[in-house]
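> Sequence:
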Amino acid sequence: MTLKKYFFNKSFRFVVLSLMPLLTYSQKSLLKSLENTQLQDTIFLYEERVHRNQFKYFQAVNKAYPDIKSISPLFQGVSMGTYSYRNGTINYSPEKVKSKKIKPFGKEYKLDFWVQPEFRAIFGNLDKAVESKTNLYLNTQFILSKGLSLYTGITFPLINDLDPQPLNIRLAPTYLNHFYHGRNSNFIASSIGLFFNDRYGVNVEYQHMDFNKRWSYGAEFSYTGYYYLYPTSYKYTDLRELLALANLAYRFPKNDLTINLMAGQFLYNDKGARIELIRQYSKAEIGLFGSFTENGATIGVNLAIKIPPSGSLESKNIRLRTMEDFKWEYVYSRGFKIGERFRSHYKLDQKLRQFHRSFWNNESQIGG
0 MTLKKYFFNK SFRFVVLSLM PLLTYSQKSL LKSLENTQLQ DTIFLYEERV
50 HRNQFKYFQA VNKAYPDIKS ISPLFQGVSM GTYSYRNGTI NYSPEKVKSK
100 KIKPFGKEYK LDFWVQPEFR AIFGNLDKAV ESKTNLYLNT QFILSKGLSL
150 YTGITFPLIN DLDPQPLNIR LAPTYLNHFY HGRNSNFIAS SIGLFFNDRY
200 GVNVEYQHMD FNKRWSYGAE FSYTGYYYLY PTSYKYTDLR ELLALANLAY
250 RFPKNDLTIN LMAGQFLYND KGARIELIRQ YSKAEIGLFG SFTENGATIG
300 VNLAIKIPPS GSLESKNIRL RTMEDFKWEY VYSRGFKIGE RFRSHYKLDQ
350 KLRQFHRSFW NNESQIGG
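With numbering that gives the first Met the number 0 as the guide, the letters of the sequence shown map in order to residues 0 to 367.
Just so you know, the hints here were simulated from the structure itself, not pulled from any lab data. Some clues are possibly wrong.
In silico DSS-like pairs for lysine-lysine, Cα to Cα no more than 30 angstroms straight-line [said to hold, decoys possible]:
| no. | residue 1 | residue 2 |
| --- | --- | --- |
| 1 | Lys31 | Lys346 |
| 2 | Lys315 | Lys31 |
| 3 | Lys132 | Lys97 |
| 4 | Lys145 | Lys350 |
| 5 | Lys305 | Lys68 |
| 6 | Lys305 | Lys145 |
| 7 | Lys106 | Lys145 |
| 8 | Lys145 | Lys212 |
| 9 | Lys326 | Lys336 |
| 10 | Lys55 | Lys253 |
| 11 | Lys99 | Lys31 |
| 12 | Lys212 | Lys68 |
| 13 | Lys99 | Lys315 |
| 14 | Lys336 | Lys234 |
| 15 | Lys68 | Lys270 |
| 16 | Lys97 | Lys315 |
| 17 | Lys132 | Lys31 |
| 18 | Lys305 | Lys326 |
| 19 | Lys282 | Lys68 |
| 20 | Lys31 | Lys62 |
| 21 | Lys145 | Lys282 |
| 22 | Lys55 | Lys97 |
| 23 | Lys270 | Lys350 |
| 24 | Lys326 | Lys212 |
| 25 | Lys315 | Lys270 |
| 26 | Lys99 | Lys62 |
| 27 | Lys315 | Lys336 |
| 28 | Lys31 | Lys95 |
| 29 | Lys97 | Lys109 |
| 30 | Lys132 | Lys270 |
| 31 | Lys62 | Lys350 |
| 32 | Lys55 | Lys145 |
| 33 | Lys326 | Lys55 |
| 34 | Lys99 | Lys145 |
| 35 | Lys212 | Lys253 |
Now the in silico label distances, taken between C-beta atoms and shown as ranges [to be verified]:
| no. | residue 1 | residue 2 | range |
| --- | --- | --- | --- |
| 36 | Asn183 | Ser363 | 35 to 41 angstroms |
| 37 | Leu241 | Tyr179 | 18 to 24 angstroms |
| 38 | Arg278 | Ser144 | 33 to 39 angstroms |
| 39 | Glu94 | Tyr331 | 40 to 46 angstroms |
| 40 | Asp209 | Ser232 | 46 to 52 angstroms |
Yeah, the Cβ is synthetic: ideal placement off N, Cα and C, and Gly gets one too.
All chains should be modelled from the sequences, with the hints used to inform the complete structure.
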């Protein structure tokens, strides 16, 4: 029986499982986490939500199914383009592959839960060296249709030395997010709902990023207010804060290094600029930045990493894991509200960098 017949047969999952003994343990665990798998002509489509390094799945699929020449990773059911491996080089085509429609709460995706910590701190108080606010989130994501997701969950507060908010178990950030991949490498992520740092409102990110090229640019807008969930009540303010930023970035492909300049109005009506130096690694992304605004000047460091352990506990329909892209930022002058940005589960420019062809080619040279 040909490989193509395998994929078009409704027992595709049985075929994948039957091949598992022939694969290494790491390949088995990688293929096990794939969702919304499908074949369009000779292109294999899939979505993966457990790890941040998408190249590993390109590698695993190629080893498991050598007859497949091209793959198209999905994000929230949307094709990110097509990747192929020829003559020792990974090639990328920005043309989207038409993927099948998604039914709300359908069988294409598992019921996916992940644990996410949040830690904010101020250092240097003479009376208390570390003042922190620490929460633990149990989050989930429902992919309702192609590009459209609902993020929600439960917040478990652990420590709060920063503000008067009580330590009551409450709703985690809950919002609708729509991801759009347009022509000519244009991407839009738009969100509405309840966000991190007790903000609610709307947020829209635009990014032009061709995964074959070095230059990229974009913009971000948000209009937000505050909300507070108490044990028996809630409070909220009017929508009153506008964020409006433009960004321009240049990538050094050989080193997976990006210089990103953004300018405009940050949160708290703070106008100015921020420059970042970002280095991508196989399992992490580290950035150094400096902000120069009306509220002052500061420097800092940020980190994005998969929280260990790397695997997950999962059955056919349910999965529990740690967050695939935990972000933490330390600012030297914490508390002065200098150059602060809007927070959501992912930032569009950071998400797109994981799909850049130069990053995948560099990963292939070091073995992923």
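> Now look at each hint and say whether the structure bears it out.
Structure-based check of each hint:
In summary, the hint linking lysine 31 to lysine 346 is supported, as the alpha carbons are separated by about 26 angstroms, within the 30 angstroms threshold. Proximity of lysine 315 to lysine 31 is assessed by CA-CA distance (about 9 angstroms); at most 30 angstroms being required, the pair is judged to hold. The straight-line distance between the Cα atoms of lysine 132 and lysine 97 is roughly 44 angstroms, outside the 30 angstroms bound, and the hint therefore fails. Under the criterion of a C-alpha separation no larger than 30 angstroms, the hint pairing lysine 145 with lysine 350 is consistent with the structure, at around 17 angstroms.
For the proposed pair lysine 305 and lysine 68, the alpha carbon gap of about 29 angstroms is at most 30 angstroms, so the pair holds. Under the criterion of a C-alpha separation no larger than 30 angstroms, the hint pairing lysine 305 with lysine 145 is consistent with the structure, at around 25 angstroms. Proposed proximity of lysine 106 and lysine 145 is supported: the alpha carbons are some 14 angstroms apart, at most 30 angstroms. About 27 angstroms separates the Cα atoms of lysine 145 and lysine 212, which keeps this hinted pair within 30 angstroms; it holds.
Using a Cα cut-off of 30 angstroms, the hinted pair lysine 326 and lysine 336 holds, with the two alpha carbons roughly 18 angstroms apart. Annotation: proposed proximity of lysine 55 to lysine 253 holds, straight-line Cα distance about 19 angstroms (limit 30 angstroms). Between lysine 99 and lysine 31, the direct Cα distance comes to roughly 20 angstroms. Compliance with the 30 angstroms bound is thereby established for this hinted pair. About 23 angstroms separates the Cα atoms of lysine 212 and lysine 68, which keeps this hinted pair within 30 angstroms; it holds.
A distance of roughly 21 angstroms separates the Cα atoms of lysine 99 and lysine 315; the hinted pair therefore holds under the 30 angstroms criterion. Only pairs whose Cα atoms come within 30 angstroms are accepted, and lysine 336 paired with lysine 234 is accepted, the gap being roughly 23 angstroms. For a cut-off of 30 angstroms, the pair hint linking lysine 68 to lysine 270 is broken: about 49 angstroms separates their Cα positions. For the proposed pair lysine 97 and lysine 315, the alpha carbon gap of about 26 angstroms is at most 30 angstroms, so the pair holds.
Our distance criterion of 30 angstroms between C-alpha atoms is broken by lysine 132 and lysine 31, whose separation comes to about 36 angstroms. Between lysine 305 and lysine 326 the alpha-carbon distance is near 9 angstroms, which keeps this suggested pair within the 30 angstroms criterion. At roughly 26 angstroms between alpha-carbon atoms, lysine 282 and lysine 68 fall within 30 angstroms of each other, so this suggested pair holds. Using a Cα cut-off of 30 angstroms, the hinted pair lysine 31 and lysine 62 holds, with the two alpha carbons roughly 14 angstroms apart.
This hinted pair checks out: lysine 145 and lysine 282 have alpha carbons roughly 28 angstroms apart, not beyond 30 angstroms. Distance check on the hinted pair: lysine 55 and lysine 97 sit about 23 angstroms apart at the alpha-carbon level, within 30 angstroms; holds. For the hint linking lysine 270 to lysine 350, the alpha-carbon distance of about 25 angstroms falls within 30 angstroms, and the restraint holds. A C-alpha spacing of about 26 angstroms is found between lysine 326 and lysine 212, which places the hinted pair at or below 30 angstroms, so the restraint holds.
The hinted pair formed by lysine 315 and lysine 270 fails the criterion: a straight-line CA distance of about 49 angstroms is larger than 30 angstroms. At most 30 angstroms may separate the alpha-carbon atoms for a hinted pair to count; lysine 99 and lysine 62 meet this at roughly 25 angstroms. For the hint linking lysine 315 to lysine 336, the alpha-carbon distance of about 45 angstroms lies beyond 30 angstroms, and the restraint is violated. Among the hinted pairs, lysine 31 with lysine 95 is consistent with the structure: their alpha-carbon atoms are about 25 angstroms apart, no more than 30 angstroms.
Under the criterion of a C-alpha separation no larger than 30 angstroms, the hint pairing lysine 97 with lysine 109 is consistent with the structure, at around 22 angstroms. Taking the CA atoms of lysine 132 and lysine 270, the gap is near 27 angstroms; set against the 30 angstroms cutoff, the hint holds. Restraint check: the Cα-Cα separation between lysine 62 and lysine 350 comes to about 25 angstroms, which is no more than 30 angstroms; the hinted pair holds. Taken as a hint, the lysine 55 and lysine 145 pair is honoured in the structure, with Cα atoms around 24 angstroms apart against an allowance of 30 angstroms.
A distance of roughly 21 angstroms separates the Cα atoms of lysine 326 and lysine 55; the hinted pair therefore holds under the 30 angstroms criterion. Between the alpha carbons of lysine 99 and lysine 145 the distance comes to roughly 9 angstroms, so the proposed pair stays at or under 30 angstroms and holds. Restraint check for lysine 212 and lysine 253: the C-alpha separation of about 12 angstroms stays at or below 30 angstroms, so the hint holds. As the Cβ distance of asparagine 183 to serine 363 is approximately 26 angstroms, the hint placing it in 35 to 41 angstroms is violated.
In this structure the hint that leucine 241 and tyrosine 179 lie 18 to 24 angstroms apart at CB holds, the actual value being about 22 angstroms. The hint said 33 to 39 angstroms for the Cβ distance between arginine 278 and serine 144, and at roughly 36 angstroms that hint holds. In this structure the hint that glutamate 94 and tyrosine 331 lie 40 to 46 angstroms apart at CB holds, the actual value being about 44 angstroms. Evaluation of the 46 to 52 angstroms hint for aspartate 209 and serine 232 yields a pass: the beta carbon distance comes to about 49 angstroms.
Checked against the numbered hints given earlier, this structure breaks hints 3, 15, 17, 25, 27, 36; the rest are met.
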